[in-house]
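Enquirer: The chain contents come next:
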Amino acid sequence: MSATDASEVVILAASAQPEKVPAEPLPGPRARREGLVRSLLRNRKAFAGLVIIAIFLLLALLAPVLAPGDPSLITSLGAKAPSTEHLFGTTPKGQDVLALTMWGSRSSLLVGFVVGLAATAIAILVGLTSAFYGRAIDDGLSLVTNVFLLLPGLPLLVILAAFLPRGLGTVILVLTITGWAGGARVLRSQALSIRGKDFVAAAIVTGETRFRIMFREILPNMASIVMITLLGTVIFGIGAQAGLEFLGLGDPSVVSWGTNLYWASNDGALISGYWWAFVPSGAAIAFVAFALALINYGVDEVSNPRLRTARRRPFGTGTEVAR
Amino acid sequence: MRFVLRRLGFYLVAFWVSVTLNFLLPRVMPGDPISRMMSQSQGRMTPEQVVQMQALFGLDNRPILQQYIGYWHSLFTGEMGVSISRFPTPVSEVIASQIGWTILLGSTALLIAVVIGNLLGILAAWRRGGVLDSALPPILVFIGSFPYFWLAMGALDVFGVVLGWFPLRHAFSAGATPSLSPEFIGDVAMHLVLPAMTIVVVSVGGWMLAMRNTMITTTSEDYIVMAEAKGLKANRIMFRYAARNATLPAVTNFGMAIGFVVGGALLTEVVFAYPGVGFQLLSAVTALDYPLMQGIFLTITGAVLVANFIVDMVYVRLDPRVRAS
Amino acid sequence: MTGITDAVPRNVLEVSDLSVEYRGENRTTRAVDRVSFTIGPGEAFGLAGESGCGKSTAANAIMRLLRDPAVITGGSILFNGRDVLAMSPDELRSFRWREVSMVFQSAMNSLNPVMTIGDQIADIFTTHEGLTKKQALVRAADLLDLVQIDAGRLKAYPHQLSGGMRQRVVIAMAVALHPMLLIMDEPTTALDVVVQQEIMAQIADLQRELGFSILFITHDMSLMIELSNRMAVMYAGRFVETADAQELFANPRHPYTRALINAFPPLHGPVGELTGLGEGVRFSNIPDLVEVSPGHLAALDPVSNHDIPGGRS
Chain A
143 MSATDASEVV ILAASAQPEK VPAEPLPGPR ARREGLVRSL LRNRKAFAGL VIIAIFLLLA
203 LLAPVLAPGD PSLITSLGAK APSTEHLFGT TPKGQDVLAL TMWGSRSSLL VGFVVGLAAT
263 AIAILVGLTS AFYGRAIDDG LSLVTNVFLL LPGLPLLVIL AAFLPRGLGT VILVLTITGW
323 AGGARVLRSQ ALSIRGKDFV AAAIVTGETR FRIMFREILP NMASIVMITL LGTVIFGIGA
383 QAGLEFLGLG DPSVVSWGTN LYWASNDGAL ISGYWWAFVP SGAAIAFVAF ALALINYGVD
443 EVSNPRLRTA RRRPFGTGTE VAR
Chain B
753 MRFVLRRLGF YLVAFWVSVT LNFLLPRVMP GDPISRMMSQ SQGRMTPEQV VQMQALFGLD
813 NRPILQQYIG YWHSLFTGEM GVSISRFPTP VSEVIASQIG WTILLGSTAL LIAVVIGNLL
873 GILAAWRRGG VLDSALPPIL VFIGSFPYFW LAMGALDVFG VVLGWFPLRH AFSAGATPSL
933 SPEFIGDVAM HLVLPAMTIV VVSVGGWMLA MRNTMITTTS EDYIVMAEAK GLKANRIMFR
993 YAARNATLPA VTNFGMAIGF VVGGALLTEV VFAYPGVGFQ LLSAVTALDY PLMQGIFLTI
1053 TGAVLVANFI VDMVYVRLDP RVRAS
Chain C
8 MTGITDAVPR NVLEVSDLSV EYRGENRTTR AVDRVSFTIG PGEAFGLAGE SGCGKSTAAN
68 AIMRLLRDPA VITGGSILFN GRDVLAMSPD ELRSFRWREV SMVFQSAMNS LNPVMTIGDQ
128 IADIFTTHEG LTKKQALVRA ADLLDLVQID AGRLKAYPHQ LSGGMRQRVV IAMAVALHPM
188 LLIMDEPTTA LDVVVQQEIM AQIADLQREL GFSILFITHD MSLMIELSNR MAVMYAGRFV
248 ETADAQELFA NPRHPYTRAL INAFPPLHGP VGELTGLGEG VRFSNIPDLV EVSPGHLAAL
308 DPVSNHDIPG GRS
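Residue numbers (this note's numbering), protein chains in the order written: chain A, 143 to 465; chain B, 753 to 1077; chain C, 8 to 320.
For reference, chain A alone in the conformation it holds in the complex:
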């Protein structure tokens, strides 16, 4: 499992506890989420992550300005090592690697975030409905969720992408299909635990419609876990997209980090030792994934104080005495 899955495992590990739920929300009718954003900014890990993401977003937006022209144009330069002219060198096709990396961020980040949002939206819908409507609907939706969780991701992705027409739309579609289940499971268990709280019972008794209760009472209390799910799915989206493209199942005409790596492999950059052709794109994916993971851990720490690094005494030394 890479960190595309690491945060999923953290989520999964937490949700595998029989009665424990990952984050502890402030219960209460439409509880003021005690400045989740503010406490996040104070958390060092989350702050570092946010900074890194901001940098990449900036690069993505400014790519046409910083590296004008079409980066995928084949030139006669051939593969050249990094130099002052080409900071990251050139590919065997003579393309500037730095430009490719910058332009690549646009597609990769876009697909990543779209997949993240779409998959999380589905996960929220499925998870909340399952938790709230209960019984038969819950059983049915849980079955679907678990089946999707069980089927191995990459082979499923490959087979779906192989049968559908190549293109960014297909990539987004298949990633969303394979990516929503993890979040749905976690959100369902969180929603179930909130549902048992008194203020929900009060809302039902006073006649609020179920739909309203789901989205106005329960959902706001799940802010932190929704955030974790969203970030985790984005990580998944970026990583899995790169994987698909590397296998040649994406749209090779689009410039993205994954296709950069695909071409690097196909053009023999690897075997020939032209390491600069594949290092930057992979590193970019890693940094973005890592940054998102950092934010995730920040959110987790903010909502679950037990995970914060405690000034912790070695096990078994007894209570500290400070007279």
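Hints in this document: simulated from the structure, not taken from any laboratory. Remember, it's a predicted structure, so these values are computed and weren't measured experimentally. Note that CB positions come from ideal geometry on N, CA and C, so glycine has one too. Heads up, a few of these hints could be off.
Stretch-level coverage of chain A by chain B, calculated; a stretch enters the list once three of its residues show a Cβ under 8 Å from a Cβ in chain B [to be verified]:
id	segment
1	257-267
2	304-318
3	390-403
4	411-417
Below, computed lysine-lysine pairings styled on PhoX-like, alpha-carbon distance capped at 25 Å [claimed, not checked]:
id	chain 1	residue 1	chain 2	residue 2
5	C	K162	C	K141
6	A	K222	A	K235
7	C	K140	C	K162
8	B	K985	C	K140
9	C	K141	B	K985
10	B	K985	C	K162
Let chain A serve as the given structure and place chains B and C on it in line with the hints.
Expert: Structure of chains B and C alone, referenced to chain A:
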């Protein structure tokens, strides 16, 4: 017992879903796959094979239900059609020849990662705030952020091309004849190191963190305080009391992780040209060898389901509360 | 009857001026504030108070079981003359369970769900007395016998026993090494009333047989009358009154003690009205205990013999 039956039922449903998916996909696919495949095989397809392909793709105008039943029937007889790219070898034969390598790579990597990762996690939780707890997780998570195949490429470059310590591709040296001799096994092992280590390095962070977090929650349980009050030795508490309980969620995750590792193994095989089903899958995709693609998908899915079922059995053994119900 | 001993029997437990703080990220809470009491050999000491008054913290402090962020910030704990707060981790480990043991509130949570009862009892013997597993299991069977549980239950897992049985197992574990002091932290709160009585009877029996001292913590004062020799009432980390059990019930001097007693009205006698302390009444700046009659101390102003006026908010 009920638990077992319920899980079994669930896996059967999942298998049914994947078979049905396999059945439906070619039928909803736009365009004409047959002519594409015929041009790929350069006209070497016999009329019988074409008929068979048509049946496979549902283009022979039989009622759909009959096709569906026929599909299940052929599955049970192990008939998955003929591979286009390895014409005329049947799909089942192609898969059977390569799946062993994937199993070898996957299980080796998974076992190493699980053992090391969980041990590190236990140790990190034991000494919270210590070096292991504060330094290692961020590093491992960072490494785990890299895409599998990228790390594989890096490892290939550094250890294979530059340093020349390990072979660059394949499962064993060209020209070597497979046997159980020590030399051959050693050769296989050498070829296994880089691909397996790539998977281990990427995944170990996830295991460590999951175990660490589970342990932290477990050690705040009352029975741990009671164990301390009893004056038990620290490592007995850690392992017999805390870890033993913390491994239960870990076992659950193990089942899930099998699916992830399969994905990672596939990508790694591609980078190292390791002759497993992952590598095969890619060449099948490139060659538009739909029967082979579908066959591999089903085989992998089936294997993952079986593995998960085995893990469930292990879980039942470990958790007395489930056993009793 | 006093024998011709040259020394006064030493107190089993002497807690003097104990203070425990919880040091959080932003603020510090003092959970136990300069608390002092002693427990003699064979004596049962009851500690009563409402939830959150600090009684559990004080009890856990005796065995130094409190975890981060709790810190013992003052006072001393002497067990048979030994300074508990100065013990090294190894000394602490051998001290625990041998000299002092504890019965926690919820037996279900105190028992390891994936180990059999037998193994968990055997643990005690293999660790402290170096017995083999087999020998330890024999001793375990004896222990279960002591609390009238069938030895066949050794192979059972905690979730397979009833609540009352689990609590008896935990009590049996507590007396395994014949400690001098048993700390019982609300041992019956999680049980229904009938089982409660059985457990209290069991504890009384064991005490008669083995002669240990008890520190009994509860919020239900009526439960303690039968068992305790002396009692103390705790509020917001401080003791507000301490006396012989009978004396405390007969003549409660501190208003809080009275309110607490009245919260559990007797089954017989006239039916009075439950008045409690009054709306929003709290006690702050609780003064030190002063003797109001022999052996009876209360946190009252030494001059006026009332709780400090203006000390109520």
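Enquirer: The structure should be examined with respect to each hint, and the outcome stated for every one.
Expert: Hints, verified against the model:
Counting residues of the segment 257-267 of chain A whose beta carbon lies closer than 8 Å to any beta carbon of chain B gives 0, which falls short of the minimum of three for the stated coverage. Under a criterion of three residues with beta carbons nearer than 8 Å to beta carbons of chain B, the stated coverage of the segment 304-318 of chain A is upheld, 4 such residues being counted. Counting residues of the segment 390-403 of chain A whose beta-carbon sits less than 8 Å from any beta-carbon of chain B gives 3, enough to reach three: the coverage restraint holds. Counting residues of the segment 411-417 of chain A whose beta-carbon sits less than 8 Å from any beta-carbon of chain B gives 4, enough to reach three: the coverage restraint holds.
The hinted pair formed by K162 (chain C) and K141 (chain C) meets the criterion: a straight-line CA distance of about 13 Å does not exceed 25 Å. Between K222 (chain A) and K235 (chain A), the direct Cα distance comes to roughly 10 Å. Compliance with the 25 Å bound is thereby established for this hinted pair. For the given pair, K140 (chain C) sits about 14 Å from K162 (chain C) by alpha-carbon distance, which is consistent with the 25 Å threshold. Of the pairs offered as hints, the one joining K985 (chain B) and K140 (chain C) holds, with about 16 Å between alpha carbons and a cut-off of 25 Å not exceeded.
At roughly 19 Å between alpha-carbon atoms, K141 (chain C) and K985 (chain B) fall within 25 Å of each other, so this suggested pair holds. Straight-line distance between C-alpha atoms of K985 (chain B) and K162 (chain C) comes to about 23 Å, which keeps the hinted pair within the 25 Å bound.
When the structure is compared with the earlier hints, a violation turns up for hint 1 alone.
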